[in-house]
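Taken in order, these protein sequences are the chains called C and H.
The numbering of the first sequence is numbering that gives the first Met the number 0, which starts it at 0 and goes up by one.
The numbering of the second sequence is numbering that gives the first Met the number 0, which starts it at 0 and goes up by one.
Hints should not be assumed to be uniformly reliable.
Taking lysine to any residue pairs in the SDA-like style, the calculated list, with each CA pair at most 25 angstroms apart, reads [claimed, not checked]:
(1) LYS772(C) with LYS62(H)
(2) LYS86(C) with ARG133(C)
(3) LYS20(C) with LYS62(H)
(4) LYS62(H) with SER31(C)
(5) LYS630(C) with GLY21(H)
(6) LYS97(C) with GLU38(C)
(7) LYS21(C) with THR66(H)
Covered stretches of chain H, going by a simulated chain C footprint (3 or more residues, C-beta under 8 angstroms) [stated by the list, open to error]:
(8) 49-55
(9) 63-71
(10) 93-101
(11) 108-115
(12) 170-177
(13) 188-199
No lab work stands behind these hints, which were simulated from the structure alone.
For glycine and all other residues, C-beta sits at the position ideal for the given N, C-alpha and C.
So the chains spell out like this:
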Amino acid sequence: MLENADRIRFLDGAAGTMLQKKGLLSAKVPESVNLTRPEVVQEIHREYIRAGSDLIYAMTFSVNRYKLGDSGYTVGELVAAAVANAKAARDAENAGVKIGLDCGPIGKMLEPNGDLKIGDAYEMYREVVTAGERAGVDFVIFETMTDLLELKTAILAAKENTALPIFATMSFEANGRTFAGVPVAAAALTLDALGVAALGINCSLGPDQIYPLMEEMSRWTEKPLIVKSNAGLPNLITNEYDLSAEDFARQSARFADLGVRYIGGCCGTTPDYIRALVAELKDREIPARTADVPAAVCSGERVVAIDRVRVVGERVNPTGKKRFKEALFNNDMSYILSQALEQTAAGADILDVNVGVPGIDEPQVLVNVVKEIQGVSDVPLQIDSSDPKALEAALRGYNGHPRINSVNGEEVNLNAILPLVKKYGAAVIGLTLDEAGLPATADQRVAVAAKIIERAEAVGIRRRDIVIDCLTLTVSAQQDQALETLEAVRRVKAEFGVKTVLGVSNISFGLPDREKINVSFLTMAMYAGLDLPIINPNNQTMIGAVRAYNVLSGSDEHSAEYISHHSGAVPAPKTAPAVGTAMTLAEAIEAGLRTAAEAATEKALEEKTPDEIINTILIPTLDKVGVRFEKNEIFLPQLIQSAGAAQISFEVLKRKLMNESGGAAISRGKVILATVKGDIHDIGKNIVKVLLENSGYQVIDLGKDVEPNLIVETIQKESVPLVGLSALMTTTVKSMAETIDVIRAQSDCKIMVGGAVLTADYAKRIGADFYGKDAKAAMDIAKEVIG
Amino acid sequence: MLLSVESLSKNEVLRFLNADAGLTLPPSMDALIDRCIELTLETIHPVGIYHPFRVVRTQYGLKLADTPFILPGKSIAAFFSEVRDTIYAMAVTVGPAMDRLIRTKMITAAEEGVILDTCGAVAAEAAADRLELEIRGAVSDQGKFLTDRYSPGYGDLPLELQPQLLTLLDTSRRIGLMVTGSVLMTPSKSVTAVLGVTDAPPSATYNRCDDCKLRFHCALRKAGKTCWKTRTESVS
Numbered sequence: 000m001l002e003n004a005d006r007i008r009f010l011d012g013a014a015g016t017m018l019q020k021k022g023l024l025s026a027k028v029p030e031s032v033n034l035t036r037p038e039v040v041q042e043i044h045r046e047y048i049r050a051g052s053d054l055i056y057a058m059t060f061s062v063n064r065y066k067l068g069d070s071g072y073t074v075g076e077l078v079a080a081a082v083a084n085a086k087a088a089r090d091a092e093n094a095g096v097k098i099g100l101d102c103g104p105i106g107k108m109l110e111p112n113g114d115l116k117i118g119d120a121y122e123m124y125r126e127v128v129t130a131g132e133r134a135g136v137d138f139v140i141f142e143t144m145t146d147l148l149e150l151k152t153a154i155l156a157a158k159e160n161t162a163l164p165i166f167a168t169m170s171f172e173a174n175g176r177t178f179a180g181v182p183v184a185a186a187a188l189t190l191d192a193l194g195v196a197a198l199g200i201n202c203s204l205g206p207d208q209i210y211p212l213m214e215e216m217s218r219w220t221e222k223p224l225i226v227k228s229n230a231g232l233p234n235l236i237t238n239e240y241d242l243s244a245e246d247f248a249r250q251s252a253r254f255a256d257l258g259v260r261y262i263g264g265c266c267g268t269t270p271d272y273i274r275a276l277v278a279e280l281k282d283r284e285i286p287a288r289t290a291d292v293p294a295a296v297c298s299g300e301r302v303v304a305i306d307r308v309r310v311v312g313e314r315v316n317p318t319g320k321k322r323f324k325e326a327l328f329n330n331d332m333s334y335i336l337s338q339a340l341e342q343t344a345a346g347a348d349i350l351d352v353n354v355g356v357p358g359i360d361e362p363q364v365l366v367n368v369v370k371e372i373q374g375v376s377d378v379p380l381q382i383d384s385s386d387p388k389a390l391e392a393a394l395r396g397y398n399g400h401p402r403i404n405s406v407n408g409e410e411v412n413l414n415a416i417l418p419l420v421k422k423y424g425a426a427v428i429g430l431t432l433d434e435a436g437l438p439a440t441a442d443q444r445v446a447v448a449a450k451i452i453e454r455a456e457a458v459g460i461r462r463r464d465i466v467i468d469c470l471t472l473t474v475s476a477q478q479d480q481a482l483e484t485l486e487a488v489r490r491v492k493a494e495f496g497v498k499t500v501l502g503v504s505n506i507s508f509g510l511p512d513r514e515k516i517n518v519s520f521l522t523m524a525m526y527a528g529l530d531l532p533i534i535n536p537n538n539q540t541m542i543g544a545v546r547a548y549n550v551l552s553g554s555d556e557h558s559a560e561y562i563s564h565h566s567g568a569v570p571a572p573k574t575a576p577a578v579g580t581a582m583t584l585a586e587a588i589e590a591g592l593r594t595a596a597e598a599a600t601e602k603a604l605e606e607k608t609p610d611e612i613i614n615t616i617l618i619p620t621l622d623k624v625g626v627r628f629e630k631n632e633i634f635l636p637q638l639i640q641s642a643g644a645a646q647i648s649f650e651v652l653k654r655k656l657m658n659e660s661g662g663a664a665i666s667r668g669k670v671i672l673a674t675v676k677g678d679i680h681d682i683g684k685n686i687v688k689v690l691l692e693n694s695g696y697q698v699i700d701l702g703k704d705v706e707p708n709l710i711v712e713t714i715q716k717e718s719v720p721l722v723g724l725s726a727l728m729t730t731t732v733k734s735m736a737e738t739i740d741v742i743r744a745q746s747d748c749k750i751m752v753g754g755a756v757l758t759a760d761y762a763k764r765i766g767a768d769f770y771g772k773d774a775k776a777a778m779d780i781a782k783e784v785i786g
Numbered sequence: 000m001l002l003s004v005e006s007l008s009k010n011e012v013l014r015f016l017n018a019d020a021g022l023t024l025p026p027s028m029d030a031l032i033d034r035c036i037e038l039t040l041e042t043i044h045p046v047g048i049y050h051p052f053r054v055v056r057t058q059y060g061l062k063l064a065d066t067p068f069i070l071p072g073k074s075i076a077a078f079f080s081e082v083r084d085t086i087y088a089m090a091v092t093v094g095p096a097m098d099r100l101i102r103t104k105m106i107t108a109a110e111e112g113v114i115l116d117t118c119g120a121v122a123a124e125a126a127a128d129r130l131e132l133e134i135r136g137a138v139s140d141q142g143k144f145l146t147d148r149y150s151p152g153y154g155d156l157p158l159e160l161q162p163q164l165l166t167l168l169d170t171s172r173r174i175g176l177m178v179t180g181s182v183l184m185t186p187s188k189s190v191t192a193v194l195g196v197t198d199a200p201p202s203a204t205y206n207r208c209d210d211c212k213l214r215f216h217c218a219l220r221k222a223g224k225t226c227w228k229t230r231t232e233s234v235s
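Taking the hints into account, I'd like the entire structure generated from these sequences.
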């Protein structure tokens, strides 16, 4: 209906600008004008239709439950009135225009930057789009979006609850990113894969500034493109825009050269602007648009094109790792995140994320881990699970265009996984095994690859989003298989033109000095056509081999990437060089030197037991550092540095105890920390957490915006003697008082509180046992309560 | 509009961190603070928006003409006593990338996280200074003068005005600044304020500490310091 146009389709111009001109923009809910002055709204639509608009947007931009608040208006009545006005205008002009339901952002930021939960955002969009479909719109347009995950959530709400064609446009700054940091390419890749009918750019800038961004977008999607530019840039004092209708039309006409199909205007444009635009472009045919979109994955902030060998980090995975399993069961997110961040710092381009451990709620944990990693890193993820439920849950909350690891050639598996890949706009790894088991020859692998590719394409997954894994087997057990795998990689690539992936280190299992085998196999595999080695990026030899290969194969142009990493101009080390071997543990902790503390702990273990080290060195030294902080001899970052050095020491001792006693953890006792409900500023809580953890307490960090009942449940489940609550603002201290009441009613756990606006008096008044004026005070309180 | 913040005052960062003037930092810590400042400048994307409004004095407070917005309370009335009929509302943010950098560093190197948190706050103030300069220019072109900035949460001006103030300036769309249910701004390193236009240089200077709920407990204040810049410091 909307896609078979062979000429440019004109959209309308601004609604707000027109309402403002008529003095109707001061209402608390601007869209209430649909009910209070329907004749004015209809006249605006009619002016646009007469000016030549083929598609008009109903005036519903900010109609959602959050923005309506306690205004008394409902989403349903405003949407119905707005669509009725658009239809009345269409009928009065006897025109065949199409009517769009216009949806802007909700107006609140999603977690973790804000407090909007994805589920709530989904519900709000569901309410609007279903109201729109009931009212009889022809399509839905999500516009002026800046957060890609919010937009994805809106698209899912529309896809799952309506049959409306979906248009989606985002607003970019001149630097090519939205306010939330989304680059044009990430928007195009993600929206295209989610199956929208058309996508593009609106608002923020004038046509000339948007042009280069649209040029970029056109390289990343084959879908029809949309543009609605502002009438230039606004004067902040008068709110007027600086382009005339003629200039706007002339600048906008260039979009036709890019093959943009839908063109209209945003802020500052009026029917005159659309009329000028139509005059400029009405006889222009759209050139057939082609785009050679590269294979790529992305997060909301970063696109990784598979245009050279790209490293997939394998370390977010519990297989064979006691410490990681423990972290999963204890919800110790800091440890898991540090594993992710360590790999990206070491050079991983993509991270594989696997949390599969028997006994864990995999869907829940996978969603959490994906969300948390995306909160601290912009690296695209490869979501790794054999459980379709876990995959689907993680895909829903993923920001960007991820890859799924994996589907295989078994009928049941193909039917379970491929529809998810398609629906959620992911890429996918196809494992070359099926009902017949592990293939023994290259031929068999190629045959399974062919089946997977055919089936994936049949559900609409593009070939560039399919990556084949020809399976690395252990060379010590099946020596003939290494060359079969490599031959399969070569053929799969040559015959199908898909990208390839291999888990590399499995090759050397059971052999001594595994690195040598791994590096040689990796190099052979890259030469055979491997694009995505899954490796431990912390291994410098492996990552060096990848970078060297990219130079030798010509994909790292002018060796730029290689030189930047290997020219000796490495960034300064985080702490002073390890003069440390000669340092005592106490000195290393006082100076806050992590490397030195690690070495000194190993040395101390030669003479003392872990318990002795904790009681005679670690705790007294931390106390001493604390006293110096109180006397203002050192300041907060130094106190934290010392605690960080102590943490390294604790980790060394923990490893030793785990190896000896099979897992007994070191803990002085448990403390719950939480930022109270309604508060999302958690830096103070996190500082306390670092200090307590590094002093040997087991901290159960419930995060921010925490429900009081969750705290009570955790106290009871884990038998916790002390809970620390933080609140930053006057507005959230109230919530702290309520939280204390709930805890008091159901447990006799001690409560300490802290936060910028709290005082000792106030802490007492709201019923806390202790007031922690700073992080050092929190350590003293823990010592008093727990020991 | 895009705001240019090209440097941050290291003294300001140290003051926010409550580092005693007498404190001698080890060279490695000194270098770390320099690196954090550099990293902050690479990370922030400071943007701001302002708009003038005509005001009328009503029994409920200062009402912004043609809007439902009212500035209630004694503090703002006193602060704007020399204002004839126009005020400016402004908002700046350094963007969400700074929040993420702080989160990330709290995991990999918490001492850097703490320093960056402070750098972010200093950067938001610097962005606000930059935008204020812009407004001062516009006002002085008309031969008028401008008071200092006054923000929700100062004196008896309720923090709960924040959502309305952001709606008034359409900050969600114009600069990507929003607010949570507990009226915390997101991105967190952001500043909103109102400033009044006067016919003569404003005589009332405003000491934010006088209005602050924490004035009897504030460690900075005890040390003879402030968490905000006085007019003379802003100018220098």
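Hints and how they fare:
no. : hint                    : result
1   : LYS772(C) with LYS62(H) : 40 angstroms, violated
2   : LYS86(C) with ARG133(C) : 13 angstroms, holds
3   : LYS20(C) with LYS62(H)  : 22 angstroms, holds
4   : LYS62(H) with SER31(C)  : 22 angstroms, holds
5   : LYS630(C) with GLY21(H) : 12 angstroms, holds
6   : LYS97(C) with GLU38(C)  : 20 angstroms, holds
7   : LYS21(C) with THR66(H)  : 15 angstroms, holds
8   : 49-55                   : holds (count 3)
9   : 63-71                   : holds (count 3)
10  : 93-101                  : holds (count 6)
11  : 108-115                 : holds (count 7)
12  : 170-177                 : holds (count 5)
13  : 188-199                 : violated (count 0)
Consistency note: the structure conflicts with the earlier hints numbered 1 and 13.
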